[in-house]
Amino acid sequence: MSTRVEVDEGLCQGHAVCTGEAPAHFRLGADGKLHIVKPEIDSADLPQLDAAVRYCPNQALRLVKS
Amino acid sequence: MSTPLEAGAAAPAEGLDPPKVGGGLPWIGHMFSFASNPYRFMEKVAAKGGECASFTLMGQRIVLLTGDEASELFYRSSDEQLDQSAAYKLMTPIFGEGLIFDAPIARKNEQLKMLMPSLRIDAMREHSHKVVGEVEELTANWGEWGEIDLGDFMKQLTINTASHCLLGREFRYELSEEFAHIYHDLEQGVNPIAYHFPNLPIPAFRRRDQARAKLQKLVGGIVRKRAQQVDKPSDMFQTLIDMRYEDGTALTENEITGLLIGSIFAGHHTSSGTAAWVLLELLKHRRLLDRTREELDTLLGPHGEVTFQSLREMPMLENVVKEVLRLHPPLIILMRQVSQELRFRQYRIRPGDMVWACPPVTHRMSKLFSNPQQFDPDRFGPERREDRNLMAYQPFGGGKHKCSGNAFAMFQIKAIFAVLLRRYDFELTAEPSSYVDNYKEMIVQPKSPCRVRYRRRSPASFAKADGEPAMTPAQAAAAGCPFHAQALGQKGA
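Keeping their order, the protein sequence lines are chains V and Z. Using our numbering, you'd call the opening residue of the first sequence number 1 and step up by one each time. Using our numbering, you'd call the opening residue of the second sequence number 1001 and step up by one each time.
To be clear, the hints were calculated from the coordinates, so they are not data collected in a lab. Any given hint might turn out to be false.
[Said to hold, decoys possible] As a list, the in silico BS3-like pairs of lysine-lysine whose alpha-carbon atoms are at most 25 Å apart:
(1) Lys1113(Z) / Lys33(V)
(2) Lys1130(Z) / Lys1113(Z)
(3) Lys1367(Z) / Lys1020(Z)
(4) Lys33(V) / Lys1108(Z)
(5) Lys1402(Z) / Lys33(V)
(6) Lys1089(Z) / Lys1440(Z)
(7) Lys1367(Z) / Lys33(V)
Please take these sequences and the hints and turn them into a complete structure.
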């Protein structure tokens, strides 16, 4: 089973909380748009990603298990 | 005219008109009952007409959308379907021509995006010590105890923090008095008359225009002065000076001025009312106050510095703020003008109608929030997560036009209370139930007067550390401290 992170672009405003919590996975472009640079999540990174999801002010992120 | 009863009947293909709540006067409609208490009025409209109900105000049909499904229609419709600019055009003389609601949609979106870098969480690293410093400065001559009007205090505090973080040092320190006058005249210029007659020759509008022109002149002066400086300050003003449109052009002084005014207008009274309610609700619910204090003491320690890092995670205080925003959202009406026909269930909403969302009505629906009248921050805890449904919990609006200052606002309020609650004890001076919202204000605030008493907290522990002896309770009472007077069973001062 693997876990991925997804962003709802209709909700994301680019507050960049996630880039602080999990810098390896997210990058804010010069245009203010969020890019997921590493959607696949290793179990070691899970706490960081959980924090990114929890602290997103717009609840724009979610973890999807497949 | 249709009634709620007809809602169950089969709808014709062209759709039904939303249930009309009757009883208003011809043309003027429900103006009087609306003006006397807008919130109660909308609560009544929703109770009578349901989640998609209509009424008339000054000849304009308004469709009130409440509940999560109708809110979704409001927040998720495109700019082509629902026009935000037409609804807020009364702000144009204040923000300036060609700005925000007076700009074409794409241009407006570009302008609003330019504010984002100053509101992002990484900007808070710069802002956190400014906010803490402002709280310290405004309480510097509080002494051991006293009484304040909480509404006035929070208004002053949040205009100081906003001008410091957004406008920068020049306006906060060198031009603070001029700015206070300009800001006052701009605020007095916000008048619903401006919808129809934005340039009516009345004194309030004349002063508004003079203030706007004067501010732009001051902004221009600072832009030129800052161009000579090597070390640029970290504030929204500087971000806007450095900002470029996608086509590479810089902002004009008119545009910098307008965006600064826009961000201060968006953030000032909304933050001050919320901050005042955080303290009032905690004083009405002392057990929640104790829990909030415990959290702060655990996270910050007795003398811990309030920093960006220490403010990051404060679940109890965050949930208190969220619950304040549920029951006392500062904006109670969000507006759009309908440009293309919309459908909600069997109802047809026509071009030319206005649609309104009403967060305080939706926030009190028992199908969306358990025990909705109760102040209960734990509803946002990990088990219940009642803020999960973004179309139900909407203190900052929703969708693409959601308030982009939401993280800044939460951060600022946490910083304010991390300082205030650890240094002072507070108590209400009047009957708790007498502290209520004033819904007549455009941005809802606690009704004035709104007095609270304060007393410097735990003198023993703080005094010991500072090397000063603390006053005994008897000494404090003799000197007139109302807290100690009550504690010793004497009559209040």
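Cross-check of the supplied hints:
1. Lys1113(Z) / Lys33(V): holds (10 Å)
2. Lys1130(Z) / Lys1113(Z): Holds, at roughly 23 Å.
3. Lys1367(Z) / Lys1020(Z): holds (23 Å)
4. Lys33(V) / Lys1108(Z): Distance ~17 Å between Lys33(V) and Lys1108(Z) Cα, so the pair holds.
5. Lys1402(Z) / Lys33(V): holds (16 Å)
6. Lys1089(Z) / Lys1440(Z): holds (21 Å)
7. Lys1367(Z) / Lys33(V): violated (35 Å)
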